[in-house]
Amino acid sequence: MNRSFALSGDLAPPFVILACALAALSAVLLLIELWRSRRARASAFRIGASGLLAVLGLLAAVLRPVGIVSKGSLVGPKVIVLADASRSIDLPGLDGTRRQAIDRALAELDQRSGEVRYSVLAFGDGAPTPVDNVASPGESPPIAAPGKTARAPFHPRARLQSDLGAALEAIARAADERPAAVVVLSDGRLDRPAELSAGDAVKAALGALQIPIHTVSLADTAPRDASIRRVLAAGAAVAHQPFSLRIEIGCDGGLSCGDVPVVARELREKGEPTQLASGVAHIVAGRATVELPMTIERAGARILEISIQAPAGDAIPENDRRFITLDVTRDRVRVLHVAGRPTYDVRALRMWLKSDASVDVVAFFILRTPTDNVEASPDELALIPFPVDELFSEHLPSFDAVVLQDFNAEPYGLTKHLPSLARYVDKGGGLIMVGGPDAFGPGHYGGTKLAEVLPVDLSPDRKEQGTDLAGFTPRFTEAGRVAPVLAPLRALIGEDLPEIPGVDLVGDARRDTTVLLEHPTRKTASGAPMPVLALGEHGSGRTMALTIDGSHRLLFSAFAANAAGRAHGAFWDAMLGWLMRDPRFEPAVIDVRGGCVAGEDTTLTLHPLPGPQGEAVVKILRLGTGEVVATLKTPVDGSGAAREIAAGKLPAGGYSAVVEIGSGMKNGTTKSPTTRRDFACESGGEEWADSRPDEDRLRAIAAATGGVFVRAADAGQLPLPAATQVATERKVAPILPAWAWTLSAAVLLGAHWVVRRRGGLT
Amino acid sequence: MGRRAAVALITAATAGLALGSSRPARAFGEEGAFDPRVLLTGNARWEGVRTTAPGRWSKELADRTSAPARLGPGTVRADEPTLLAEPFALWGGDDAVLVLTDREVSGLKRFIALGGVLLVDEFAPEKGAFLRSVKRELARVLPEGSPIPIGDENVIFRSFYLLRRAAGRVEGPAKLEAIIRGGLPQVIFSAHDLMGALARSPSGLSPIAVTPGGERQREKAVRLAVNIAMYVLCSSYKDDQVHAPFLMRRRKSTP
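From first to last, the protein sequence lines stand for chains A and B. Heads up, the first sequence is in the numbering used here, so the first residue is 34 and it goes up one at a time. Heads up, the second sequence is in the numbering used here, so the first residue is 206 and it goes up one at a time.
Keep in mind that the hints were calculated from the coordinates and are not lab data. We put the beta carbon where it would ideally sit given N, CA and C, even for glycine. Treat each hint with caution, since some may be false.
Residues from chain B shown here face chain A by an in silico Cβ test under 8 Å; the list is partial [stated by the list, open to error]:
id : residue
1  : Glu236
2  : Gly237
3  : Thr270
4  : Ser271
5  : Leu276
6  : Gly279
7  : Ala290
8  : Asp357
9  : Leu367
10 : Leu438
11 : Ser440
12 : Ala449
Input sequences plus hints: build the corresponding full structure.
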């Protein structure tokens, strides 16, 4: 409790000063008067003394002094504790895991909780957040740290980054009470600040906030670990073009590594991964870099598995294998166009393919059959042999798509290559079969391996599935009306389609196929309308079946003239684009928010195109086995608003998320348009790639900001700011009542008047 | 590639023989088949000995190549919507054509704009009146295009047969003429009376003599007609890079 005094209890300080000044002026004038009157010393003293007392009495009556009694307490400074919540805290640390070291450090800090006010936040990706412990009752409880803390064990949602820079920037920008210090609990293996100039980067992140940052290390030695520290693509990965993956291998903690074999493989939807390249890393001074040259034939998101063969004694096997999602771009779409004979339909498709600068066409048309009588010697002909074996064995992987247009497989030796063509689709190639008298059933494809990848059923009996020469006008299916792949065509011609001279007879659409156009009258054996245009997915590739040879009527006909012939280009541009997974023709875009880590909750974000409504069904398939590991559903309202879908915890590996919007159309056997996104889940991921702690970086951060570096066990010894006194209660009481001050002033003024009169002053 | 490809061709030939020799023109409803329709303008009529020529053209094409062709081609008028039914038309005559009507000009403009190919054949090269008048009228249809000579460097001369020069009923100039659009011939001018060489009487004989080369020259005219048809059906296929080394070697080896 404190006692104090104030001149006035109610007057503002300027008025108090003014009153004092007037009183002083009065006293000075009295003294001047006495000096000029030259009175006897005794008389002058009496007048002066009484006058001064009267002035003081008057001043006291005006101010009315008060007494103050106040109570207060000591308040500790705000100290923010930033605890590393990245996945690397589960790596070995000081006497256990780094997570346990955080618990110990927090317990040490808790012992001084009477002196400072702690605000414990978890940092990782973006702004720090309060510790959101997610340990569920079913999980094995994290080991509690020793000490007398009542704090729950540190077990927040795992972050996929360790971005201290973002956390400090958020603190510096915050509008609430500024901290007096920051304590960072980390292993020092941070995304930001970088290893070089860490101190300067931290000062820049803090900006005007000049406070010390104390750093607490969670680990001081590297574990015995061989790991894939980094995978870098040397330049952009372009389909069909050689490029290199640069792989950095680390070996620490006294592990004897020597030569470490490295293998890169590409995951496939079904079947064993395809080995792309291999090499040997020669470890020198704990690290090695190996370049793996490779060529990837398929564009899009490809899932690569990079693995090393670690020596015995490796403490962290999880970082011996990395899964990376490599976005392979495409320079030009390489298309193999094979036609059984030249027709106006072949001409139209060829002219479109050649007119598109982004398409690189290699064409082979059968211009002469063995029965044709050319009436000329071979030297007089401009014909070359059809290199069927070379094309469909050696060069097939170099094409992004194959177009078989009215092509009979049997006479030209293609039959024996149909299994490899099916495997080509399975591995991600695109296949278009265009109708004609020699396509589909009449083209000897029924009962072959290739028939299994087509989106429509083909009977092995050629007689059963021939052609129908009757003209007809195809009609859009329900899926065809909403499919983005037909949107450009429909924008030009609306609901109308030209009359088509005939059709190949095919069976039902295969399961999981999207039928966009159907025959108005012909039915399949099951009674469903016969497909005319069907899109399908098989393995990693896509296939398309167009059972007519009259799409050229979109280019050249009285009907085509209405759209200036542009409908043909719009149709084929979209078809080839869909085959190549062009986002323009996908019904939605799906991605994995924040990436996927094995054993952690995964969230998918669905961005549907505006328009399609209904229920979106997301199937997550495991690459390699094709097993459906999760089926998720979310409503789509047609506005195009993004939807987040919880996918749960997934084991390590490659996955494919296949989305179908508006499922449950009238025809239960076929599907709405679908799209897919391949992604990978890693056990260790980027945070486990380099298991070494980085105490030097922590020291640099502390030194640059005036903080102190300690290890977890010494966290209680940090020099935290002292507490400050803060008043909590204040009582003001007048020394005398107001009437007493007024009476005193009147008496003193009266006495002074009497003394003046006696002294001869008026 | 050579040896394996040759084996493949032999295999294909064997398989083809097994299929039999009869092969109908089999596009669905003959939709995509080559159809040398005769273009008529003004009061022109399609009559005379050359009326059999388009049919023979189709037959020669079907017999010699894998291309389907309509064996009974018809006529089409420039101001009819059916001009746009197919991307090829033959415009032949032996005398100057009348000035095209606006509807005919409009019809031909749409035909050309959609990518149609027009063969203009002079039946009386000695006079040349037809060709001159057609060029005059086409200047109204395609004011930005003018004919230029095309020789054996053009894809038409190697679309099926390797040809060194143009030929018809008359030997005429070695080169054809063409209006090039988008890098490709779209209107082809022949001053050789190609249809005269192709004409055939009901008895199967050729009613019009070919001079000065006789039957050998007629064969060259047929080959040119086949090449034109193949160009119409395949566009610039034989300009593809994959054919270049083969064709270059053959050009050098043939006299």
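Verification of the supplied hints:
1. Glu236: holds (4 Å)
2. Gly237: holds (3 Å)
3. Thr270: Holds. Min distance 6 Å.
4. Ser271: holds (4 Å)
5. Leu276: Where the cut-off is 8 Å and the nearest Cβ of chain A is about 15 Å from B:Leu276, the hint is violated.
6. Gly279: For B:Gly279, the interface hint is violated, since the closest Cβ of chain A sits about 16 Å away, which is over 8 Å.
7. Ala290: holds (6 Å)
8. Asp357: It is violated, given that the least Cβ distance between B:Asp357 and chain A is near 11 Å, above 8 Å.
9. Leu367: Check passed: Cβ of B:Leu367 comes within 5 Å of chain A, closer than 8 Å.
10. Leu438: holds (4 Å)
11. Ser440: Since chain A brings a Cβ to about 5 Å from B:Ser440, closer than 8 Å, the hint holds.
12. Ala449: With a minimum Cβ separation of about 10 Å from chain A (threshold 8 Å), the hint on B:Ala449 is violated.
The structure shown violates the earlier hints numbered 5, 6, 8 and 12.
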